[in-house]
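Trainee: Residue numbers (my numbering), protein chains in the order written: chain A, 1326 to 1602; chain B, 22 to 145.
These aren't lab readings, by the way, just hints derived from the structure by calculation. Heads up, the beta-carbon is just placed ideally off N, CA and C, and yes, glycines get one too. Wrong hints could be hidden among the right ones.
[To be verified] For each label pair, taking beta carbons as the anchor points, the in silico distance ranges come out as: (1) A/Val1394 / B/Pro53: 27 to 33 Å; (2) A/Trp1396 / B/Ile29: 30 to 36 Å; (3) B/Ser66 / A/Asp1364: 43 to 49 Å; (4) A/Arg1426 / B/Glu144: 51 to 57 Å; (5) B/Arg120 / A/Gly1537: 22 to 28 Å; (6) B/Leu113 / A/Val1394: 53 to 59 Å; (7) A/Pro1470 / B/Glu132: 52 to 58 Å; (8) B/His68 / A/Glu1576: 38 to 44 Å; (9) B/Gln41 / A/Arg1426: 27 to 33 Å; (10) B/Ile131 / A/Leu1573: 21 to 27 Å; (11) A/Ser1439 / B/Ala126: 30 to 36 Å; (12) B/Ile141 / A/Arg1426: 52 to 58 Å; (13) B/Ala48 / A/Glu1482: 29 to 35 Å; (14) B/Pro58 / A/Pro1564: 26 to 32 Å.
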Amino acid sequence: MLGPINLDLEPGTVLGLVGPNGAGKTTFLQCLIGLLRADLGEITVFGRPNDPNHPEWKLDIGYVGDIPVFWECWTAAKNLQFVSQFYPDWSHKKASELADRFQLPLKKRAKDLSTGNRIKLSLIIALAHSPKLLLLDEPTSGMDPVVRVEVLDVLFEILETGDRAIIYTTHILPEISRLVDELVFLDNGQIRLRVNKEDLVNRWRKITFRYGRDVIPFQSVVSHRREGNDHQVISSDFPMILDQLRELGAENIQDNYMSIEEITVQILKGGRNVEIN
Amino acid sequence: MLLNLTDISNEPLQGQIVRQIRAKILAGELEPHTHLPSIRKLASSQHISVITVQRAYETLEREGLIHSRRGKGFFVSELSKDKRKDLARERLRETLESRIRAALAEGLSIEDINKVISNIYKEI
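This is chain B alone, in the form it adopts within the complex (with noise of 0.2 Å):
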C-alpha cells in the first residue's frame, strides 16, 4: 500500500494515514475483506514508528472501517450505506465545525453563513 505522507503539513503523521486509508476504502480502492498490511510493515516501509500506524489503525477500528482479527491482522470492513452516509456527515461537521465558529468570529451571522451554502449548491 503506497501512503503520500509529509512533514510538512499542519497535520500529524497519524491523520494522514487514517485519512488516506480512510479516502482508499471510501472510493472502493481497497476492498471489503482486503488484507492490510501488517502494523510493522507498514511502518518500516512508510519509515514511520510502529506507535503511529498502531493508533492510526487503531482510529480507523474505531470508525468502522477496518476490523482486527486475532493473530491475523487487520482487515477492510463491509461497509453499509448507512454507515457511509454516517462517515460523510461526521466528516464534513468536521470541517464545517471549525470554519463556522471561524466565521463567526469575523462577523458573519448564521443567515451570511447559510447563503454563502446555499450559493455552492447553486453552483455544484
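This is chain A alone, in the form it adopts within the complex (with noise of 0.2 Å):
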C-alpha cells in the first residue's frame, strides 16, 4: 500500500528519499514514471494524469533506476536514436556531449555493457530532453567511485541552472547528504517526515554529560544511555535541550554534532521524538 503521498518539490532543488527496504521509495517512482500501474487511484506529475494512453506527462520527467528503459541487443547508439523520436525536445548535441564526456562505448550492444556503462546509457536517456523533473532510483548503485564521481559532476552541473529538480534516492548517504536540498523519509508507502537538511543536522545532536539521577525524559530525546552518572543522550532540539539541561544542573555538557547517516538510522528506527517542530 502506497500513499497518499503528496509532494511539492522547487525547482533547483533536490529531495533524497530513503526509507528501510520495502518502504515503497523504487515503487513510487515507477508509479511517477508510469513503469508501474497503481491497482487503486490514481497518479499526477506537472497537473496532468499518467495515462498510458496520453504519454505526454512524461516529457517532463527523466528517469534512471532498476528497469532499462532501452534494447538489449541494439547498440547504445541505436538506442539513443530510437529514444530520441518520442522527445521534442530531445538534443542530439546534449546526448553525444554526454556520451563523450563519460567515455560510453556506443557502438557496444546495451547487453555487453558493464553496470557503470548501462547507468551512464540510462542517464544519457533521462537527460537529453532537458527534463523539469529527474528521478533517480539508486543511480550510483555498483558504480566505483571514480565514475559516481563524473556522475554526481553532471548531476551538480545541471542544478546550477535552477530550473530542474531531482528525486534521489539512495542508501549511500554520505554521497546523498551532500547533494541534497531535502530529506523525506518514507515508512510503509507513507511520509512519515520530511525536512530541510540544514535543519536536520544543526538541531539533532549527541550530548553528553554527568548528572547523579536518571533524567525526566525531555521532549527532544531520541535515546538514552547511562553508566553511573555519565549520560549519553541523542536530541532532536538541541538549544532546547541544552537549556533544560542546564537549567536541571547538569555538569559538563558536551555536544557533537551527528551525520546524515547518524540520524537517518535514528529516525528510521522509529525513536520516539523524532518529529522536528
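Two chains, each in its own frame: build the complex with the hints.
Mentor: Below, the structure written as C-alpha cells:
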C-alpha cells in the first residue's frame, strides 16, 4: 500500500527519498514514470494524470533506475536514436556530449555494457530531453568511486540552472548528504517526515553530561544511555535540551554534531520524538 | 572562490563555509564590494547543496559581513573598525565559553583560569 503521497518540489532543489527496504521508494518512482500501474487511485505529475494512452506527461520527466529503459540487443547509439523520436525536446548534441564525457562505448550492444556504462546510458536517455523533473533510483549503485563522482558532477551542473528538480533515492548516505536540500523519510508507503537538511544537521546532536539521577524524559530525547553518573542522549532539538539540562544542573555538558547517516538511522529506527517542530 | 570543505570534521559544511568566507573577508583577501559567486554557482563548484550555501550566506549576512542586492546577488560589505572588533569579540566569546565551561567542570576555579590566560599573554 503506497500513499497518499503529496510532494511539492521547488525548481532547482534535490529531494532525497530515504526509507527501509520495502518502504515504497522504488515503487513510488516507478509509478511516477509509469513503469508500474497503480492498482487503485491515480497519479498526477505537473498537473497531468499519468495515462498510458496520453504519454505527454512523461515528457517533463527523466528516470534512471533498476528497470532498463533501452533495448538490450541494440547498440547504445541505436538506443539513443530510437528514444530520441519520442521527445520533441531531445538534443542530439547534448546526448553526444554526455556520451563523450562519460566515454560510453556507443557501438557496443546494451547487453554487453558494464553496470556503470548501463547506468550512464540510462542517464543520457534521462537527460538529453532536459526534463524538469529527474527521478534517480539508486543511480550510483554498482559504480566505482570515480564513475560515481563523474555522475555527481553532471548532476551538480544541471542543478546550477535552477529550473530542474531531482528526486533521488540511495542507501549511500554520505553521497546524498552533500547533494540533497531536503530529506523525505518514507515508511510503509507513507511520508513519515520531510525536513530541510540544514535544520536536521543543526538541531540533532549527541550530548554527554554528568548528572546524579535519571533524567526526566525531555521531549526531544530520541535515545538515552546511562553509565553511573554519565549520560549520553541524542536530541532532535539541541537549543531546547541545552537550556533544559543547564536548568536541571547537569554538569560538563558536551555536544557533538551527527552525520546525516547517523541521524537517518535514528529516524528510521523509529525512536520516539523524532519529529522536528 | 576556492573553499576547503571536508566531510571528516565535527563542523558541518555550512559552518565550514561561513568560517572560511569570514576569514577571507576579515583578512582582506575578499575586499569590500567584491561580488560573491551566486548560491547555485558555489553549490555546483563545491559539490554541496543549494540549501547549505543559502544558509551559510544568510549567516554571513546576519553578521553584517556580506549584503545582497536584489537580482544582483551577494557582495562583501564595508566593515568599520568597530564592526571588526565586535566580530572578533563575538568569536572569542564563542570559542572561550565552551572551553571555560569544560575547565570549570574539570575542577579549575575562575582564578586558575584567569592565571592560564594571563600566562598565555606573557608568552605571546
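Trainee: Of the numbered hints stated previously, which ones are contradicted by the structure, given in increasing order?
Mentor: Violated hints (numbers, rising): 1, 2 and 11; every other hint is consistent with the structure.
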